[in-house]
Amino acid sequence: MHLLKLTVNGQNYEITVQLKTTLLEVLRDKLQITSPKAGCNQGDCGTCSVLVDSILVKSCLTNSLSVQGKKIITVEGLAKPGEVHPLQQAFHENYGAQCGFCTPGMILAAKALLDKNPNPTREDVKVGLSGNLCRCTGYTKIIDSVIAASEKMVTVTD
Amino acid sequence: MKNRGTGIAIGHYPTGQNGGGDPSQAMVKIQPDGSAVLTVGSCDLGQGCKTILAQMAAEVLGMEYEQVKVINHSVDNTPMSSGSYASRVTYVDGKATVEAAENAREILFQVAGEILEASPSDLIIENGKVFVKGDRKRFKTISKIVEVATYEKHKQVVGLGHFMKDFSKPDPETGECDPFCTLSWGVSFAEVEVDTDTGEVEVLRFVSYYDAGKAINPMLVEGQIQGGSVMGLGAALMEDLHPYYPNIEHQPDNLSDYSIPTTMDIPDFEALIYECPSTEGPYGAKGIGELSANYPSPAIINAIHDAIGVWLTELPASPEKVLRALESQ
Amino acid sequence: MTLKVVGQNVLRYDGLAHVTGETHFADDVIIPGTLTVKVLRSPVSKGKIMNLDIRAAMSVPGVASVITADDVPCNGYGHIPDQPVLVEEMVRYKGEPIVAVAAVDEDTAIEALEKIQLGIEEEEPVFDHIQAMMPDAPKVRPEGNIHMFGKYPFRQVKFGDIDAGFREADVIIENTYRHPSLEHAQLEPMVSQAVPEAGGKLTVYTVSQAPHFHLEELYGILKVKKNNVSGKHWITEKGSRTGQGLEFGDINFIGGTVGGGFGGKNDMHADHITALLALKSGQPCKWRWTREEDLLYSTYRGCWYITIKDGVKKDGRIVARKIKTIRESGAYASSNPHVVEHNIFNSTGPYFIPNVHSRGYCVYTNKPPASSMRGFGLTPSTFATEVQANKIASELSMDPWEFRFKNVYRNGDLTSTGSKLDSVALIEMMQTLAEKTGVTLPDRLKQMSSAKRGGNSI
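Protein chains in written order, with my numbering: chain A, 1 to 158; chain B, 1 to 329; chain C, 1 to 458.
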């Protein structure tokens, strides 16, 4: 067993893990943070996506010891407590979620995209979300949501 | 060389379980604060049935959408539903929900009629209040009526609803039967570009125009059309669970090998809603969930023929199939 | 009356919960002390179990329960019900569950599976459903490979006079279409968690699309009901052990929020096995299918062959249609007979054809059971009829739009199963679609409507 220190959604944790334990297992099984989903555990679907020091990673392929001391954000911690992040609000208002299973990962992929490119075109959004699968929406309303959020967020920071 | 072509495909889709015999039931309880709880047994798979059933109940009860809470999570506490399949929930659960809400409203009218000294048939329900028709000053709030019903009239303000299209047994000789609640209609248009060197097919434009009878929530209907269209696009161009059929070796066992469409695969989509009301459906609604997945394949195959003059009679239209078809031309 | 809420774009009821991660799916329910379930699946596609020894698996430290077919009170489920929860003797597809283990963690469960002694005498399987229809094909099931719809090995529709229709035709156009197998690929894999509660109650957290239907099915598995087994001699009934004294209300399903289904969760995949293990071990048991299991062994849209023979007049009217459709069912019936009926009842496509004869076959193969998927029987028939429509138009040198205007359903038309149609709108929708896509239709098509045949027909 190995000691792992990490910060998730602003909270510090110290837990013991095995060498093979993935970040997804840490989040779901040890910390009971369930928005990252085990959609495939093969790195293909993106439902397990989280931000590690602001970088989008697939937590099912990430060894938990590789995030030693790092800051993890899941969709539960995207907004300040009691608030809803503009991306979350935009996904809600633009019907970007259907079954909701891909939604947490999708929103974090969008966050990573907007951090780098606050004014994306639809093509940019497609590229930014290309690692995250959705079987319900056909993506159109997801892309609508990200564009809507980017417009709002730019206005806010202006 | 890159050739472009267009194609159409049209069709129909039945609402409800094939052959009928699939019940759904609903229960509407009016709460002391004048809000309502709708209990149904169907599942929300993402299609949004909690949303649209709450809309229907709110409509009947003269409430805001936000005032209707939906319970569907536990079989112990929900009335029977045969399930969320067969494009049935909007229609079948919708009818059950409307009936349940009407029955709850009837109890409100009976009790309000006694308080307001009016005939229940002279009452209307609006904005959380029951009014005497034509007299905006004679009214009681729903919460007051529930209070009177509970503490004075010994009545529960609960409405039940049930709908099932009777099972229709097909005649073994002729197949004659009455197998559906209603039919929805769909027409689609695809424009493709086919690369005759690589066999790759790119869908440039896809227009879907589908009949929802009455769109209870147009954005959710659009979501069904867009989602179904992309699923159909996957079937048309990339998906095959047994690519070496009938051999099951080398069957895809991950979502890289079994490729479904990603954001990079989707064309310019237009989702349009037509409303040709069903005779018996709730507010004229028809099923929309499955219809939308059916037309991309034939529309795209027809567009490929228009572009390069070859017919593909097997899906998916993979580069290999396109090239082989061109070779054998 | 004007509508106030219906027709409005109110926001999704569950939308905020979805975007904030608050929505709990079946796998998100975490109960301390839950055992991990793993299942030993058949390594071969067909064969007879000659020996099965689970003793070594049971003695692995950390293993709570190991079950085989002997532990299933009524080992048959599904629509017919013909599918065993765990294989009794005959394996019918690669990946068919034989033994289920509940252990403290995944590693222990896998170690236990590795210690199971399993000997299967392999037999020749059949994978191609066309080949499976041949008289000398290996038998998937003792009663034969072609599903019986009552007295016939097919479901058929006969409408009008098919021979007269073909005599009247100017051109005959016949083609065969193949629609491949498809996977739902819903993003939430199959998962089930069964929890024994106080007073003999069993709560099952499910991904089911049809929990009320599955409750009846699970009840049938856990408690023997004589009338639940339709005389299939290869399903054995045992005295009720696991579910002794169980009443309907003792089982509860919790679900209703499903991470995508598309028909893939109309069949019970995991709830029966977690329920049996929870009842036997007295502890919560969870089985989460891997994506690999989901792709290889969950239900799917079976492969179809559809042959359409159309008799057509020179003016484009279809006057006769004969259809033969063959659907791969996999090893068990599941909803496949219904899928075939759905296909056959709708095999004219959206066209009024006065003379129709269609036959649909449902054929068993040594593959996992196929079942429902979005579009059910109409996805393959729409593909076939709509490509056929363009082929006919092409053969007659007719515009594919005009061909469709001539043949589509109108109000008052009869379907081939004898239903009289109302609320038909295809002509109007095609007119609008043409406008939206820049297609100029001739005036005679623009003037048509879905009103009854007669005045405006061409």
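Bear in mind the hints are in silico, worked out from the structure with no lab data behind them.
One should not assume that every hint holds.
[As the list claims (entries may be wrong)] These stretches of chain C come out as covered by chain A in the derived footprint (C-beta under 8 Å, 3 or more residues):
1) 7-21
2) 195-206
3) 285-292
[Unchecked claim] Here are the computed distance ranges between Cβ atoms for each label pair:
4) B:D171 x C:K139: 29 to 37 Å
5) C:I130 x B:D171: 23 to 31 Å
6) B:D76 x C:D161: 34 to 42 Å
Glycine residues also receive a C-beta, built at the ideal position from the N, C-alpha and C atoms.
Hints and how they fare:
With a cut-off of 8 Å between beta carbons, the segment 7-21 of chain C has 10 residues touching chain A; three or more are needed, and the interface restraint holds. Judged by the Cβ-Cβ criterion of 8 Å, the segment 195-206 of chain C is not covered by chain A as claimed, because only 0 of its residues qualify and three are needed. Residues of the segment 285-292 of chain C with a Cβ under 8 Å from some Cβ of chain A number 4, which satisfies the need for three, so the listed coverage holds. A hinted range of 29 to 37 Å for the beta carbons of B:D171 and C:K139 is consistent with their spacing of about 30 Å.
At roughly 28 Å, the beta carbons of C:I130 and B:D171 sit within the given window of 23 to 31 Å. Checked against the given bound of 34 to 42 Å, the beta carbons of B:D76 and C:D161, roughly 55 Å apart, lie outside it.
This entry does not satisfy hints 2, 6, going by the numbered hints stated previously.
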